[in-house]
Structure formats: C-alpha cells, structure tokens
Amino acid sequence: MFSPQMAGYDRAITIFSPEGELYQVRYAGEAVKRGWATVGLKCSDGVVLAAEKRKLGPLIDLNSIEKVYMIDTHIGAASAGLLSDARILIDYAREQAQVYRLLYDEQADVEYITKRISDLEQAYTQHGGVRPFGIALIIGGVDKNGPRLYQTDPSGIYFGYYATALGSGSTLILEYLEKNYKYEMDINSCIKLTIKSLSLVAESLDADRFEIGVIDAKTKSFRKLTIDELSKLIEEAKNEGLPQRPSA
3 MFSPQMAGYD RAITIFSPEG ELYQVRYAGE AVKRGWATVG LKCSDGVVLA AEKRKLGPLI
63 DLNSIEKVYM IDTHIGAASA GLLSDARILI DYAREQAQVY RLLYDEQADV EYITKRISDL
123 EQAYTQHGGV RPFGIALIIG GVDKNGPRLY QTDPSGIYFG YYATALGSGS TLILEYLEKN
183 YKYEMDINSC IKLTIKSLSL VAESLDADRF EIGVIDAKTK SFRKLTIDEL SKLIEEAKNE
243 GLPQRPSA
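So the sequence shown is numbered by our numbering: it starts at 3 and just counts up by one.
If you're looking for bench data, these hints aren't it; they were derived computationally from the structure. For every residue, glycine included, the Cβ atom is placed at its ideal position computed from N, Cα and C. Hints may be right or wrong, so weigh each one.
What the hints assert, rightly or not - Per label pair, the in silico range of CB-to-CB distance:
hint : residue 1 : residue 2 : range
1    : K146      : E32       : 36 to 44 Å
2    : R133      : R56       : 32 to 40 Å
3    : K220      : Y164      : 15 to 23 Å
4    : V101      : G10       : 39 to 47 Å
5    : E32       : H129      : 14 to 22 Å
6    : E32       : Y94       : 33 to 41 Å
7    : K226      : E32       : 25 to 33 Å
8    : S66       : Q100      : 23 to 31 Å
9    : D63       : G10       : 37 to 45 Å
10   : F18       : D218      : 41 to 49 Å
11   : F161      : R133      : 22 to 30 Å
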C-alpha cells in the first residue's frame, strides 16, 4: 500500500487525500504539538494566559523570548508552535483591533478578533504556493460579554473554552485541569492553578521560565506579571502542593 508521500498528497496544500485530509495542515498541527506548553483559563474574575519558556542555550536571554502577547488593551494571546508564524498572526490581530476601533470607536469583541485570525489561517489552507501557519493561539480577553477564551488551530477552526492547553505535554495539563478547574475561582487561584498545571511539564519552576498575562474582569485591561509577582505566586503554589509529575 502506498504511503501518503508516495501518493503525493502531501506535496501541495490544495490536494485532498482519499481520506479527505490535507496533510500539510496535519503537519502544521504536529508543529503545534511540539511547541512549548501553553495554557489559558477563564474564571469569573478574568482570564489568565500562560506559557513555558525553555532555555535553548546557556547564553540566551529568556526575557527576549515572548510567547504571551497583548493584542489590544483588553485582549491577549498565547502561542504554541513556530514563534515566527505567531509574530505574523499577532501583528495581523493587532492591526484588526486598531481598524475596528477607528471604524466603530469602540473595542472589538474577543470573538471578532479570533474570527479574523482564523479566517487568515483558513485562507492559507486553500491556496497554492503557501503553507499553513505552524502555530495555534489561545486568545483571551474581557469584553461586553464578560471573560472570553478561544483557541485557534492551523486549519482555521476555533472553539470557545473555559480552560485549554497547547503544545508539549498538553494532554497531561488538560487531565489535571479537568479535575481541578472551577469557573468560580478568583484570579489569584486561577493563576496558581495555571502554574500547577505547567509544573507537570516545565523544565524548571524558576520565575523567568514562565510568562503569564492577566486580563482583569473589572478593569478589562491586559497586563503581564512581573518576575517578583511570579516568584511569589510560584512559592504560594508550592506551599499549597504541586501535582506529582509522571514518572519517566
């Protein structure tokens, strides 16, 4: 029996396999699965977006690596996959948010921005000479509908979530969140749950190995936690008890 490669179905983005798949889109999904762990949670007090950062070399400045981004004052995003592709989508999302403000003189809904990003991702699955974005985004924010959380993938589809995870170890993280997540949590509890879930797969629990953004439901404003804030919350999470990492 021919392999997909021998049949040639993975050589162009516009060719469906007999099973109805676009192999290049599947390969883009594999790039997401190999990315660093990324988590998003929403609760009654707001939204938390978090990502693990790994040291690629001893001389790399971790502060130069960005995985959690501000799209607008009330919307943020976290990525898993190819960071170069994430940069393009984030810049596009910021542009769409600003265009919406100029046209309508108000903030864009979180789902509107998510849909615009997903539309662009989908367009890159149906044209020759391009490839799908090797990135998935967790997009969160607070708008007139309250805290909102969405996840996109390279195919251009998106779903709303209460809590979700992407990247390496996401299955472990999701299993932990399914057992411990509660929408009624306050924002600090939500952050600590995020840290606990990431501790299952993180190489280190040093504060500079995490990047966390928070959108508060009351102020509807996005901000990133400082190293000092992260250090304090990591210690509080440790004191409450971290989940046991699976044995190798």
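**Request:** Compare the structure with the hints numbered earlier in the document and write down the numbers of the violated ones, lowest to highest.
**Result:** Those not satisfied are hints 2, 6.
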